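Peer 1: Each protein sequence line maps, in turn, to chains A and B. All letters in the first sequence, in the order written, are residues 1 to 273 by the numbering used here. All letters in the second sequence, in the order written, are residues 1 to 273 by the numbering used here.
Since the hints were derived computationally from the structure, they do not count as laboratory data. Where hints are given, some of them may not hold.
Which copy is meant is left open, because identical chains are indistinguishable; a pair holds if it fits in one copy or across any two.
[To be verified] In silico SDA-like cross-links for lysine to any residue, where the CA-CA straight-line distance does not exceed 20 Å:
| id | residue 1 | residue 2 |
| --- | --- | --- |
| 1 | K121 | I79 |
| 2 | K191 | T174 |
| 3 | K155 | S39 |
| 4 | K191 | G180 |
| 5 | K59 | E70 |
| 6 | K155 | G252 |
| 7 | K155 | L34 |
These numbers come from a predicted model, not from an experiment.
Next come the chains, spelled out residue by residue.
Protein chains: 2
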Amino acid sequence: MDISTNTSIIHNIEETAFERTLLDAINAAAKVTLPAFRSGLSVDNKLDEGFDPVTQADKEAEQVIRQVIEGAFPHHMIIGEEHATKQTDSPFSWIIDPIDGTRAFITGVPVWGTLIGIAHKEKIFAGIMAQPFTGEVFLGLGSKSTYSRFGSDPKNLTTSKVQNLDEARLMTTTPALFEGEQLQAYLNLEKQVRLARYGCDCYAYCLLAAGEIDLVVEAGLNIYDIAALIPIIENAGGTITTFDGSPADKGGNIIAAATPQLHRAAMDIMAKK
Amino acid sequence: MDISTNTSIIHNIEETAFERTLLDAINAAAKVTLPAFRSGLSVDNKLDEGFDPVTQADKEAEQVIRQVIEGAFPHHMIIGEEHATKQTDSPFSWIIDPIDGTRAFITGVPVWGTLIGIAHKEKIFAGIMAQPFTGEVFLGLGSKSTYSRFGSDPKNLTTSKVQNLDEARLMTTTPALFEGEQLQAYLNLEKQVRLARYGCDCYAYCLLAAGEIDLVVEAGLNIYDIAALIPIIENAGGTITTFDGSPADKGGNIIAAATPQLHRAAMDIMAKK
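Only chain A is shown next, with the shape it has when bound in the complex (with noise of 0.2 Å):
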């Protein structure tokens, strides 16, 4: 056994361990946010007065995604929405938005996510989005990024190959994103698309990874908003950074797109405002 092939299986023991944890860590947040999740529909629902179902559901979901990761790599640092970043000198960080899209979450629609994004030093390496009412977890870990649905065998994803603006299925959660000349840049894209649809959150960055939209186009994101969703998108094959084509790793101004060339010609748009 040469040290190449030494090297490639601890690797892959290394991506067992980070799969396994945000694996468990999506399962333990899902008891959390599925009961909290349309409360209308819920016979099991008691709400107090004053009590605020999501609010709680974010933290607690937190909570046990915390304690996941602490309980298999207790040395890595955590940053998390909604309670304090836990520091220490490992290289590794888990960024975690336990609800992304709360909008979606509190009208009932199933395109909320929760976000697990994993960053070695600079660079996040692992990422996965679960939507637990559709039971669906998109996993982007070493070179590939998976779908698997209630458990199912993970099949690969790979966006489209849509080059031009005039082919390309848009999608951005709403165009209350943007503003002035941000906004016009903005609608200008979305006469150019062959269709643009909002609403989706994390969910269309998703559907991107897997070919079923070709671009997403949003403003003023934070970083955990979109560290999960890097690796998901790069290793389907598509491409993401910030209007302007810095790294996407920090949040801001997004553009992904299923090709380079789709890229460019969305950025073209965007990156002048």
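Position chain B relative to chain A; hints supplied.
Peer 2: For chain B alone, coordinates are given in the frame of chain A:
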């Protein structure tokens, strides 16, 4: 046994036959629509050049729905979006939209639905909405609206108690449904509600019946888009009419609301335009 009891028994037998036929029809349609949904994720997808899976699925789904209806009620009229109306002298007519929410369908978002309504003369007295990917069925029949998922026992649906715009969760498929003064009125309405969300097609009306949202406002609907949803909303306690308060059963510009008070408040804004 007095006459009223007897009538009630006959009525129940009829209801059971209608319900069984609606369920048979949506199950038959799902066998056509699901394989065409998310072709990018389907390993079995073998598309020829120039073959449009959506149009094909739409037509085939309506065909199998018609077959189920004709098997059970051979003399009833059938009005569908994709095929010619079947005219008879029966007072009963079935109104079909095999895939409502085509844009959701072709972008992989599970908020499209198969809609079937049943009218006796002018009155639409039964309707079903099925979302086969999520396994959800919303049924309005008799005096009830019910929800079931993957064949679970039906639960009764009830709209929320929201009466005021500033508490209301509003949905519309896209603001692009509105133009000119109507768009201004809609944007005015949007400013007054608690939150507005886009992109949900027929799913929005079902979320309204389920108490998850409070208000749906859309323009330019046709009879296929809305017929099946009317009993689902009304039996759950909601109010649905056109902007000027006329019956919704022919389509047009539609306001659906959780309560009569909220419906009136939305109509006060939209009816002027």
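Peer 1: Look at each hint and say if it fits the structure.
Peer 2: Checked hints:
1. With identical chains, the CA atoms of K121 and I79 are at most 20 Å apart within one copy only, with a shortest distance of 13 Å there and 61 Å across copies.
2. Both within a single protomer and between protomers do K191 and T174 lie at most 20 Å apart by alpha-carbon distance, with minima of 15 Å and 15 Å respectively.
3. In this homomeric assembly, K155 and S39 come within 20 Å of each other (Cα to Cα) only across copies, at 13 Å, whereas the closest approach inside a single copy is 32 Å.
4. In this assembly of identical chains, the alpha carbons of K191 and G180 lie at most 20 Å apart whether taken from the same copy (17 Å) or from different copies (18 Å).
5. With identical chains, the CA atoms of K59 and E70 are at most 20 Å apart within one copy only, with a shortest distance of 16 Å there and 53 Å across copies.
6. For the homomeric pair K155 and G252, neither the shortest alpha-carbon distance inside one copy (30 Å) nor that between copies (43 Å) is at most 20 Å.
7. Taking identical chains as interchangeable, the C-alpha atoms of K155 and L34 lie at most 20 Å apart only when they sit on different chains, with a minimum of 17 Å there against 25 Å within one chain.
Violation of the numbered hints given earlier is confined to hint 6; every other hint is satisfied by the structure.
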